[in-house]
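Visitor: Following the hints, complete the assembly by docking chain B with the ligands onto the known chain A.
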Amino acid sequence: MSCEPILRVRDLVKRFGGFRALDGVDLDLNPGEVVGLVGPNGSGKTTLINVVSGIYRADAGSIRLGEREIGKLPPHRVAALGLNRTFQVPKPFRSLTVRQNLEVAWRHRRRPGPGVREALEFVDLASLAEREAGTLNTAQQKLLDLGRALVAAPQVLLVDELGAGLGPSELELVADRLRRVAEAGTALLVVEHLMGFLGRLTRRVVVLNAGAQIFAGDLAAAAADRQVVEVFLGEGH
Amino acid sequence: MPRVWSGAAVLVVVLALCLVLPQLYANQFLFFDLMVYLALAQGVNILYGFTGYLPFGYVGFFGTGAYGMSLAVLKLHLPPVPAVLAGGVAAVVLGLVLAPLLRLSGAYFAIASLAASQAVYYVVANPSLTGVTRGPYGISLARVYHPSQSYLVMVGVLGLTLAAVLYLRRSRRGMVLQAIRDDPQSAAMAGVNVVRERVLAWLASALIAGLVGGVFAWQISVFYPATVFDLSTSIMAIVFTLFGGTGTLLGPVLGVTVLFGLYNVIGVSEPQYFQLIYGALIVLLVLFLPGGAASLLKRRGIDVL
Ligand SMILES: Nc1ncnc2c1ncn2[C@@H]1O[C@H](COP(=O)(O)OP(=O)(O)O)[C@@H](O)[C@H]1O
Ligand SMILES: [Mg+2]
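Those sequence lines, one after another, are chains A and B. As numbered in the working numbering, residues 1 to 237 make up the first sequence, in order. As numbered in the working numbering, residues 238 to 542 make up the second sequence, in order.
Incorrect hints may appear among the rest.
[Claimed, not checked] A few chain B residues that don't get close to chain A, going by computed Cβ distances all over 12 Å: (1) W242; (2) Y262; (3) L338; (4) S342; (5) Y345; (6) Y359; (7) P364; (8) P373; (9) R409; (10) I417; (11) S423; (12) I457; (13) Q509; (14) G516; (15) L534; (16) G538.
[Claimed, not checked] Calculated Cβ distances over 10 Å to all of chain B for the following chain A residues: (17) D26; (18) N30; (19) P31; (20) K91; (21) R110; (22) R131; (23) G165; (24) L194; (25) G196.
[What the hints assert, rightly or not] Sample of chain A residues at the chain B side, in silico, Cβ under 10 Å: (26) R77; (27) E103; (28) D145.
Just so you know, these hints were derived from the structure itself, not from any lab. All residues carry an ideal CB built from backbone N, CA and C; glycine is no exception.
Same shape as in the complex, but just chain B:
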C-alpha cells in the first residue's frame, strides 16, 4: 500500500475513533482532552520534529487562541466557528511577533519561548486590562456553549493537523525542513532559505495551537488565564511528542495515547508526581532515545509513516 494511503488510513481511523468512542464510553471531556493533546503534540512535532526547536512556551499560542476566540465572541459578536479561526489568527500574529526568537539556538530558544508565553499570560491576566480581557476574573462564553458542536469542530481541527503532518512527511517542503533540522548550514549552502522555512513551520505550529485553544475555550466556556496558560500543557505536549517519536505521523499519536492514557488512569489523583516524572522523561528521552518509541518500531521494520 503506498504510504500516502496508509497515512490517510491512519488519519481516518483516528478521527473515526474520536467520533465513535464517546458513544461507547460516555466521557466526552476525556476524549476532547485527548484530541487537544493529539493536536498539540503534532504542533510540537511540526516545529521540533522538522526544525529542531523545542518550544517550552508553546502553551502561549494555545492561551492566545483561547482568548482570541473568546474576545471575538464577546467583543465582535462572531459566531463560534469564525471566532475559533480568529483565535488561530491571533496565535499566528503572536508567532510573527515572536519570530525573532528563532535566531536563538537550543536551550536559549526553549527558555526565551517559555518567558514569552509567561509574558503573554501576565498581560492577559493583568487587572488593569479587565475591561479588555477581563483580567484575572476569567472568561465566560455561556451564550455560545455547545459541547457537541465544539467536539465536532475539534475533530475537524485534529483532522487538519494530522493532514498537515502527513503533507510534511510526504512533500518536498517536509524533506527540506528535515534537512534544516539535520544541518542548517548545509541546508543554506544547498540553497534553502533557512530563516523563511523555519518561520513558516513556526507559524504553522502556532496556528494549530491557536485553533486548538479556540475550540478548547468554546468547549469549556468558563475559564481563567491560568487555565489556558498552564505551563504543564506545554510540558505534556512535549513529553508526549518526544516519547512517541518526532518527525513522524504515528509517533506523537502513540505518545499521547500511551502517556495521556496512563495519566488518566493513575495520574489524576496525584498530578504532581506526573509532572516530576514527565520532567525526568524529557531529559532521558532527549539523551537516550531521541527517536522516541517510534524509533523502536522502525528498528523492527514497522513503518511509522
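For reference, chain A alone in the conformation it holds in the complex:
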C-alpha cells in the first residue's frame, strides 16, 4: 500500500496503578490492510484495543484516525468517525433480539454502510434474527458482535480473538468475512492466538510482550525470531 495510514498510533502508554499495561506502543494500519497482533496472555493486546477504541483513556501517546486525533474522544464519537471493534468476550445486548442488536448500531450510524438485513446475512445470522441475543451460543454472539461493528461501516476494525472457541466451519466463515471486509477497504487489526487462522488472513504481524512491541514483520519470520520464540515458550513455564 502506498497511501497514508488510516490509523497511526504513537508512543501509547496505559497504566493500571503502577503497572504499565502499554509501554510505548507504535502501530500503523493502511486502508484495506490486515495486521495480526499476537503476544502471550497479559501482554496488552486487549488493552491496546480498549484504548484505541476510546473505552479507556491513554495516559500518554497519540492515536490518529485519518487526520483526526481521537485519543481523547469518548467511544461513541470514535465509532462515529469510523473505528470499531469486537470484544474478546462477546458483548451482545442480551435482552434485545438479534435484529434489534444491529438496529441500535444502524440507527446511530454516521457513515453509509450495510443495512441490518444485509449485515445479518453477511455474518450468517439472518435465520436467528428474532431470537433474544442472550440465548445465542458463544460463536453466534461473536458473529453478532462482528455484525454490530460492521453496521457502523468502520474504516478501521479491531478484532479481539474472534476465532477462539469457534469450530472449523465457523472459523472458515469468519476468515472469509474478514477477508471480504478488508478487500472492501477497511483496515483490520486482528488479535489472535490461532496462527493457522491468522495465516489465512495476513502475513504481517506485530508481536507484543509486556506492553511493548518486540517484533514487527512477516509471520514466518516471527516464528524464527529468537525473542519471539522465547516469549511464547516462556508462557508455559
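Guide: Chain B with the ligands in isolation, oriented as in the chain A frame:
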C-alpha cells in the same frame, strides 16, 4: 391487538380504577398512596429497568418536589397546579446537580444517591434555614388544601408516568436505553452517547418523583421534613418495582398492587417487620428473580407489555 393499544388499554383501566374505586370504598388516602407508589415505582423502573442504576436515594427527589411545591405556594404565591410543576422542576434541578453520580457504578451509585438524599434532607431540616424552609417545624399548606382536586391531579401525574413508560417500551429511545443496560460498552461502540441517554433517563425519573412529591405535599398539606424524606419510601418503591419486574409497564403495577395491598392489610400495625421483610426481598429478588413476577408471567406466554 397491537401492543401499543393493549398498553394504552392498561393505562386507561388503571386510571379509571383510580377514579372509581374511592367512590366504592371510601378511603381516598389509601388510593392516593397507592397512586403515589404506582408512579414512584414507574420512576424507579425508568431508571433501573432501562439503565441498571438502582437509586436508593430516590426519595430525595420526592422530598425536593414536596418542598419545591410548598415554597412555590408560600413564597411565590403560585396556585397549586403550577406549584406542583415547580416541584417537578426543583427535582430536575437537583437531578442535574447530582448527575455526576452516574459516573459511579453499581453499589457505589446506590450508596452515593442515598447519601445525597440524606444531605438534601439535612439541609431542608436545618433550623438555621427556618426562614426559608421552616426547618424542622414543617410546612402547612392549609390555604390551598383541596383533597379532591389534588387527587385528580395525582391521577393526571400517574397517567403521564404510565404513558412515559409505555413510550419507552415502544420507542427507539427505549430500545437504546435497554441496550445501555445490557452492555454500556457495546452500546457506546454502536454509536450511542451513553452518558447523555443515562442523564436523560435520570432526569425523567427525577421529574416524576418531583411531581409526585409536589402533589403529595398538596394532598396532605401539613408535613415535616422526615415525612417527605423518609428512606422507606425509596425502599418500598424499589421493592415494588423489583418484585413486579423491571423494564415492563405491567411489572411495577403488579408489584405495587400486591405488596402495597399486603402492607395495608397486615403491615400497618407492625411496619418494622415489613421493612425487614422488604430489605430481604430486595436481596433475594436481585439474586434469584431479576425479572420479577412479570418474568414468571412472560415464561407462561403472557405479555407484560
Ligand atoms: N481494567 C484493568 N485494570 C487493571 N489491570 C488490567 C485491566 N485490564 C487489563 N489489565 C492488565 O493489563 C495486562 C494486559 O491485559 P490484556 O490487555 O487483557 O492482555 P491480553 O489481551 O494481551 O491477554 C494484564 O496484566 C491485565 O491484568
Ligand atoms: Mg485479551
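Visitor: Against the earlier hints, flag every one the structure doesn't satisfy and list their numbers going up.
Guide: The structure breaks hints 9, 10, 11, 20, 21; every other hint is satisfied.
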